[in-house]
Amino acid sequence: MLRYLLKRLFFMIPMLLGISIISFAVIHLTPGEPSVLEAEMNPKVTKEVRDRIKAYYGLDKPLHIQYFLWLKRIVRLDFGPSFAPDRRPVIDKIAERLPITITIELLSTVLFFMVGIPIGVYSARYKDSWLDKGLSAFVFAGYAMPHFWLALLLMLFFGVYLEVLPISGIKSFDFADLSFFEKGIDLVKHLVIIVFCSSIGGLAGVSRYMKNSLLEVLRQEYITTAYAKGLPERMVLRKHALRNSLLPVITIFGLSVPGLIGGSVIMESIFSIPGMGQLFFMSVMSRDYPTIMGILVIGAFLTLLGNLLADIMYAVADPRIRIG
Amino acid sequence: MFPKLWIIWALVLFFCLSCGKPKEIGFYDDPGKASFGDTIITSSTGEPSNLIPILASDQPSHQISGLVFNGLVKYDKNLDIVGDLAESWDISKDNLSITFHLRKNVSWHDGRPFTAHDVMYTYRVTVDEKTPTAYSGDFKLVKEAQVLDDYTFKVTYEKPFAPALISWNAAIMPRHLLEGRDITASPLRRAPIGTGPYMFSEWIAGDRLILSANPKYFEGRPYLNRYVMRVVPDTATTFLELKQGGIDMAALTPMQAVRQTDYPRFKREFNKFKFLAFSYVYMGYNLKHRYFKDKRVRQAITYAIDKKEIVDGILLGQGIEADGPIKPDMWSYNGNVKKYGYNKEKAASLLKEAGFEMGPDGILRKDGAPFEFTVLTSQGNDVRIKCAELIQKRLSDVGIRLKIRVIEWAAFINEFIDKKNFEAVILGWTIPQDPDLFDIWHSSKQGKKELNFISFENAEVDEMLVKSRHTLDRKERKKYLDRVQEILAEEQPYTFLFIPYANTAVHKRFKGIEPAPAGITYDFIKWYVPENQRRYKKSAALSP
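Residue numbers (the numbering used here), protein chains in the order written: chain C, 1 to 324; chain U, 1 to 544.
Hints in this document: simulated from the structure, not taken from any laboratory. Be aware that one or more of the hints could be misleading.
Said to hold, decoys possible - To spell it out: a stretch of chain C is covered by chain U in this simulated footprint if at least three of its residues, at any positions, have a beta carbon under 8 Å from a beta carbon of chain U; those stretches are: (1) 101-107; (2) 159-165; (3) 243-257; (4) 274-284; (5) 305-314.
C-beta atoms are modelled at their ideal positions from N, C-alpha and C, and glycine is treated no differently.
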């Protein structure tokens with residue numbers, strides 16, 4: 001198993017290199033340049049000024065040289081300074097936004113697994129019942145609905161009409177003046193809508209995979225055997241069927257790892273959450289190449305790691321998959 | 001399992017509902033007495049990038065640094081130049097030198113006195129080749145800068161330069177904190193120290209930036225204790241926050257100004273202010289294009305476009321028709337230029353004069369080729385896209401086929417404007433407070449990345465622009481600018497479409513706001529909230 005893990009980790013290197021080359025090329029091919037973009041169509045910005053700013057960012061060098069310089073830094077885990085005029089280290093920018101994104105994404109992930117799995121189990125157990133149909137309609141409506149639209153509706157309803165939930169941000173303006181208990185309530189109130197909206201999409205996936213997988217397992221002969229032995233239904237489901245039907249759900253969990261870090265561009269923008277999604281969006285808009293690359297490389301690494309994690313969890317869930 | 005889950009959800013919901021904010025009673029019509037206190041919360045779609053003003057070119061950074069720093073001069077409510085850090089100034093008889101007499105009672109936020117050496121430092125660092133700034137242009141025309149004494153600063157130019165005086169509204173930076181250090185790595189980028197009415201307090205990245213009133217401000221302490229800028233990237237969210245009270249001041253779109261705020265509660269809690277924005281929208285023609293070389297064709301298109309329909313239909317009346325590059329409430333505006341009301345017949349006869357004949361398919365033709373062209377506009381600006389659609393309809397009425405292409409901004413500039421690869425564009429310009437039209441209309445400004453990308457050339461305009469640039473006498477300058485506006489109206493290199501109104505909603509508890517040609521924020525330090533109407537009473541309000 002250890003050898004397998006090491007091998008998998010080693011193969012990540014060329015994969016990451018390939019991803020970084022493609023990302024680097026694509027973002028540099030996008031029209032527009034950092035910082036000068038804002039000054040576009042500004043009569044006060046002369047050609048000399050543009051050239052000066054370009055040289056300042058090192059963008060006057062050929063693309064492959066720029067890439068090697070970037071790579072040289074990245075192997076030392078130095079993501080460099082951001083191209084935004086604040087010139088802060090990319091890693092600082094990412095670090096200060098990471099906890100918020102992880103909190104929201106983790107809460108959403110927990111919510112959609114906690115709600116999605118029971119829905120899937122229930123739907124499989126009571127297939128074609130009215131509640132199964134109702135739940136299917138609910139999760140699919142949630143999946144199909146544009147999330148930004150749902151978010152705005154909920155903000156309008158709970159924020160503007162009922163005035164019971166804050167509309168955006170992560171804490172109230174007078175947060176520092178609140179007592180410990182009030183601070184907790186304030187944070188919860190700020191998180192309710194965004195966590196709900198972020199989890200509603202994943203809910204459909206988890207519950208459907210769970211349902212189909214469980215149905216598949218329930219058709220297996222060993223389940224029939226278990227029933228024939230006279231085991232109660234609850235035990236058959238819990239002891240024999242559930243664990244085996246968790247495999248597809250584990251895949252989803254593995255794939256949701258990069259999302260934990262990457263955040264949602266749309267959700268974080270709508271809810272004014274200072275997280276990774278918002279940082280990524282703003283970096284793209286201002287052509288802040290080092291920050292974009294930093295986020296992409298970390299995202300790619302986590303995707304690969306997530307896949308590996310899923311494989312390990314497969315092995316834990318199903319001994320047949322175990323290697324070595 | 002399920003009933004339990006539902007009970008938990010119901011409890012959470014009940015909990016949230018019961019924690020709602022008590023509603024405020026509307027008593028904001030009472031003007032009350034000016035008093036110190038309260039906080040104003042504004043918003044911005046982007047986060048400031050750098051609070052050293054010469055290093056940033058984005059609007060949010062300037063919004064903040066405008067409150068933290070001062071220039072030597074500034075515009076007053078009527079857009080006249082008045083002193084800021086300079087108490088007065090003398091202009092030499094040959095119009096080549098300006099001597100600034102600086103205020104003596106000004107100190108930096110860290111307590112050090114402000115002197116002419118700070119002005120000298122600001123000038124030097126701005127023109128320094130190593131400083132990556134977009135604002136060195138005007139300062140580079142200075143031949144000599146001198147510190148005559150601690151409170152007298154003199155600059156001399158090669159030749160008279162009309163915008164010279166106002167170019168000194170640039171933010172003056174503290175020499176004692178920056179000289180001899182790399183300005184691009186200074187901690188002042190994130191925590192500026194200026195002379196302005198507000199002092200930097202706190203910046204929570206991606207979330208909000210807080211300024212607090214400068215108790216020793218030389219024009220008197222601002223009434224409002226705090227100024228908070230929240231980062232709200234989504235404009236729909238900004239509007240919802242405004243309605244809920246999470247933001248006190250926000251710009252409104254025409255639809256929001258006219259329809260979505262027209263209900264009792266909003267009217268009870270907010271004032272709406274309307275003034276002409278410093279911008280105009282136009283359709284510009286590539287004057288190298290075979291059809292657009294002919295003045296009659298350009299005039300015909302202007303006649304064929306119903307500007308009133310655009311203002312009423314798209315802006316919902318929140319704007320006025322434009323007839324030139326300057327807005328009517330500015331001293332440099334010339335209202336006696338040729339006007340082009342909607343006139344389909346006149347358009348048709350001008351096109352006929354220009355050699356176009358109506359084809360069997362209802363499209364005009366010249367030398368067998370149909371009259372069709374493509375107008376480009378940038379993505380994300382719905383108003384301009386809708387304008388293009390209305391223009392398309394009107395032009396088809398006179399037999400011109402217009403195609404519309406919407407392109408992402410950066411690609412639009414790099415691939416089409418810079419390469420002059422377009423037939424017509426719908427774009428907007430900001431109207432500078434100083435009416436220097438040189439960069440857009442002078443024939444020498446046709447190079448790559450320069451602003452006369454439509455290739456406009458007119459010897460008389462060139463002459464007038466140069467003269468107006470080198471004249472400091474306002475009356476004489478106006479004479480030249482009037483002539484430029486007359487020629488532009490006659491030549492129609494652009495069809496000037498409209499000047500929008502800026503609509504701003506401000507919570508009613510803020511008093512002392514007077515709209516003027518300069519907008520509403522020119523005397524922000526005089527805004528106040530009567531004691532009984534204050535919303536934020538505690539002073540903390542910072543992050544834990």
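Hints and how they fare:
no.	hint	result
1	101-107	violated (count 0)
2	159-165	holds (count 6)
3	243-257	violated (count 0)
4	274-284	holds (count 6)
5	305-314	violated (count 0)
The structure does not agree with the numbered hints 1, 3 and 5 stated previously, though it agrees with the rest.
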